[in-house]
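So the protein sequences, as listed, match chains X and D.
In this note's numbering, each number is its position in the first sequence, counted from 1, plus 1205.
In this note's numbering, each number is its position in the second sequence, counted from 1, plus 1205.
Because the hints were derived from the structure by calculation, they are not lab data.
A few of these clues could be false.
Unchecked claim - Partner residues are not named here, just some residues of chain X that face chain D (Cβ under 8 angstroms, in silico): (1) Val1266; (2) Lys1267; (3) Glu1440; (4) His1449; (5) Gly1473.
As the list claims (entries may be wrong) - Okay, the calculated bits of chain D under chain X, using three or more residues with CB under 8 angstroms as the criterion: (6) 1214-1220; (7) 1457-1466.
Using N, Cα and C, we set each Cβ at its ideal position, and we do this for glycine too.
Number of protein chains: 2
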Amino acid sequence: MTVETLESHRCFGGTVSICRHQSAATGTPMRFSIFVPEGKGPFPTVTFLAGLTCTEENFTVKAGAYGKAAELGLAIIAPDTSPRGSGVADDPAYDLGQGAGFYIDATEKPWAPHFAMESYIARDLPAAVRDNFPVDGKRQSITGHSMGGHGALTLALKYPDHYHSVSAFAPIVSPTRCPWGEKAFTAYLGADRSSWAAHDASALMMSGSAVGHFDDILIDQGLDDSFLEKELKPELFEDACATHRQKLTLRRHAGYDHSYYFIQSFIGEHLEFHARHLA
Amino acid sequence: MTVETLESHRCFGGTVSICRHQSAATGTPMRFSIFVPEGKGPFPTVTFLAGLTCTEENFTVKAGAYGKAAELGLAIIAPDTSPRGSGVADDPAYDLGQGAGFYIDATEKPWAPHFAMESYIARDLPAAVRDNFPVDGKRQSITGHSMGGHGALTLALKYPDHYHSVSAFAPIVSPTRCPWGEKAFTAYLGADRSSWAAHDASALMMSGSAVGHFDDILIDQGLDDSFLEKELKPELFEDACATHRQKLTLRRHAGYDHSYYFIQSFIGEHLEFHARHLA
């Protein structure tokens, strides 16, 4: 699978590259960034899924993660959040369409032909990375923020054999029970809610998906996050984990908000968590 | 001196704030960011001066410096690079006018009334910070990148009693001998070059300014920096330091470019360097 490197920068002895490749799932060119540490590898990978409005750039530029990744010998992949381009459906709202792919495969028009972010993240992206960078495709972990926290949790629960560990920052833990998720799922999956639960981390956990696979799940949540009560609702995932005795380390942090200042404060501990599971 | 906080975010236990205040030197509102670690202080400060086109945001968002600053108990101040606004002179080029203040006080029209970045950084900014944040105004160090590296070196050599230590990333070390500097100095100081040397770090060092004050000066320079040969020329400062036996730790790094990926790779070591001198 051909990957074009648009730019690359030396960073902490390794290399940060911004790449573009054609995805069969989305039928579009897709962008991602990848940090590869110094050395021969093959390196285990941590994929970071970003939130609403983001591209591959936000984490890459703002998270301050590469020093710790270099220290731990982790490659870090940060994909875009949706297909993009003039031939791709869009919506003027920030929380639907381009920049808001929700890491699911849309079944409804006009989204279905290109909005296939679940297949992209689960299949096309890792294949492209494996074919072009010195990574160990058998040692993957996943994390994400907000909409990307939803993506990380649901992908881990849908494809547990793909991932050694999963964590999230301020995730949407139950998109079927919050305005962001209800709007996106109605558009991408249709008004019939019967198909929605398969893409809801709390519903997946409550149904017993992947029970016994992950020895721990790490979630950090800021208590000054303006989306906490209406959109994020970590207690719903906490309840579902408790039901199945899934160990969950859910840390609530006084004073932290929804920004990358929150993410950069805890990304080092998330990478250490994943490095332990990938070792 | 009144400072308005436009936004603030908890980060590594401390707080990052974006602030605005009226500067007597520039006669305009000026913006800066400040990271203050957790605790009572008073904290020593490191001021980071950014390069061409930057605002107070670039370092704040991209440098990944606050984890190390929190660990070392340092406050970090990152000001804007020029006065701004519709009443302030400007030029369509990226390397003159707004975003390109060069940390000097302009004497020529149309720049002179507002472009007074030397007085702003040396006087107004520290006073505003001292009056509003728990910092120790007697313990200051300074660093910067590119045009801001020129700013850090020249301010340290002009006002050695203000600063315990100085460092720089890919600095313009001799603006009187490179296109960026010649263009800006011609505009801001006039075509008569006799006034220029007082604002050129290599010329200041060659003339013996501040000799004996700084036990070491730290400069990092990437060898894949596309501005290295034409604009930056670290060898000119190296020669001037050698002339006066000023200790200079000039590290040339293979593969690194002019970006914040370079800065983030070494900012931790710069903060450790300053923390040792501020202790």
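Index of numbered hints that the structure contradicts, given in increasing order = 3 and 4
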